[in-house]
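K.L.:
All chains, please: the whole structure from these sequences, using the hints.
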Amino acid sequence: MKKEYDFSKARKNPYASQLKKQITIRLDEDSIGYFKDISEKVGIPYQSLINLYLRDCATSHRKLNLQWK
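In the working numbering, the protein residues as written are 1 to 69.
Keep in mind the hints are simulated off the structure, nothing from the lab.
On a predicted model such as this, the values are computed, not experimentally measured, just so you know.
Some hints could be false.
[Claimed, not checked] Estimated spans, in silico, between C-beta atoms of each pair:
| # | residue 1 | residue 2 | range |
| --- | --- | --- | --- |
| 1 | Glu29 | Cys57 | 19 to 27 Å |
| 2 | Asn65 | Ile23 | 23 to 31 Å |
| 3 | Cys57 | Tyr15 | 22 to 30 Å |
| 4 | Gln67 | Tyr5 | 54 to 62 Å |
| 5 | Ala58 | Gln22 | 17 to 25 Å |
[Said to hold, decoys possible] The list that follows gives simulated cross-link-like pairs (lysine-lysine, DSBU-like), each with its CA atoms no further than 30 Å apart:
| # | residue 1 | residue 2 |
| --- | --- | --- |
| 6 | Lys63 | Lys41 |
| 7 | Lys36 | Lys20 |
| 8 | Lys21 | Lys63 |
| 9 | Lys41 | Lys20 |
| 10 | Lys9 | Lys21 |
| 11 | Lys21 | Lys41 |
| 12 | Lys21 | Lys36 |
| 13 | Lys2 | Lys12 |
| 14 | Lys36 | Lys63 |
| 15 | Lys9 | Lys20 |
| 16 | Lys20 | Lys63 |
Here a beta-carbon is modelled for each residue, glycine too, at the ideal position from N, C-alpha and C.
P.N.:
Okay, here's the thing in structure tokens:
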């Protein structure tokens, strides 16, 4: 490895805005199991499936029908 690198011609990562942010979220076992079962069938990691589902909900502006009794 070189001791010194020249970054004078470096450019910003064009994909930086598409990077994911790590968070902590608590999900119940049934929800995790649901996505893990699907992930085994389609060959996509379950975290990616959860992200795809949430992204679909956000882009379609899907709203939950929450009623407190």
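K.L.:
Look at each hint and say if it fits the structure.
P.N.:
Tested hints:
no. : hint                      : verdict
1   : Glu29 x Cys57: 19 to 27 Å : holds, 21 Å
2   : Asn65 x Ile23: 23 to 31 Å : holds, 25 Å
3   : Cys57 x Tyr15: 22 to 30 Å : holds, 24 Å
4   : Gln67 x Tyr5: 54 to 62 Å  : holds, 59 Å
5   : Ala58 x Gln22: 17 to 25 Å : holds, 18 Å
6   : Lys63 x Lys41             : holds, 28 Å
7   : Lys36 x Lys20             : holds, 20 Å
8   : Lys21 x Lys63             : holds, 23 Å
9   : Lys41 x Lys20             : holds, 24 Å
10  : Lys9 x Lys21              : holds, 28 Å
11  : Lys21 x Lys41             : holds, 26 Å
12  : Lys21 x Lys36             : holds, 21 Å
13  : Lys2 x Lys12              : holds, 21 Å
14  : Lys36 x Lys63             : holds, 24 Å
15  : Lys9 x Lys20              : holds, 26 Å
16  : Lys20 x Lys63             : holds, 23 Å
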